[in-house]
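**Q** Numbered per my numbering, the sequence shown spans residues 10 to 156.
What the hints contain is simulated information worked out from the structure, not anything from laboratory work. Here a beta-carbon is modelled for each residue, glycine too, at the ideal position from N, C-alpha and C.
In silico DSS-like pairs for lysine-lysine, Cα to Cα no more than 25 Å straight-line: (1) Lys153 <-> Lys97; (2) Lys132 <-> Lys13; (3) Lys50 <-> Lys16; (4) Lys65 <-> Lys133; (5) Lys133 <-> Lys13; (6) Lys150 <-> Lys97; (7) Lys50 <-> Lys147; (8) Lys18 <-> Lys55; (9) Lys52 <-> Lys16; (10) Lys132 <-> Lys55; (11) Lys16 <-> Lys132; (12) Lys50 <-> Lys133; (13) Lys62 <-> Lys133; (14) Lys62 <-> Lys50; (15) Lys50 <-> Lys65; (16) Lys132 <-> Lys52; (17) Lys62 <-> Lys132; (18) Lys18 <-> Lys150; (19) Lys55 <-> Lys13; (20) Lys147 <-> Lys18; (21) Lys18 <-> Lys153.
Label pairs and their computed distance ranges (CB to CB): (22) Thr141 <-> Lys65: 27 to 35 Å; (23) Asp36 <-> Asp87: 16 to 24 Å; (24) Ser99 <-> Val72: 43 to 51 Å.
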Amino acid sequence: MATKWQKIKIDLSGYGLNSDQKDEVADLIIERIVNRTDQGKDKEGKRFPGYSKSYKESLDFKVAGKKGRPVDLQLSGDMLAALEVLDKTSRSVTVGFERGSEENAKADGNIRGTYGKPTPDPKKARDFLGITETELSKIIKFVKAQE
10 MATKWQKIKI DLSGYGLNSD QKDEVADLII ERIVNRTDQG KDKEGKRFPG YSKSYKESLD
70 FKVAGKKGRP VDLQLSGDML AALEVLDKTS RSVTVGFERG SEENAKADGN IRGTYGKPTP
130 DPKKARDFLG ITETELSKII KFVKAQE
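Turn these sequences into a full structure, and let the hints steer you where they fit.
**A** Here it is, written out as structure tokens:
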């Protein structure tokens, strides 16, 4: 199965945000996703599945100085650093990874649990790309309070 373009579109209509506020909201959404992922949690706040035994025994794992927990998707740091604002309209912002990039492929493997295999494995999936309504509401409240 081909790699999917990993992005999320967040509806910001109805919040009365100006363009600068939407920019700040988008940046804070990315920051929240990265921080939550660093804590080993998915887009719903649940802990990621643990690393496989073969991965824990790999040279990459040892060189990166990884332990076992939390699973934070930070082998090199490149994937989460590549998370960006892809589009902004009057009604929404889209965040994700550059289409066709190596980081998008890494994100896709984590999100769907494919890790180079042709079919997804939901038990291995680490779906970090998203934000809850509660998180979004807190971000918008924070941005609006900055006026």
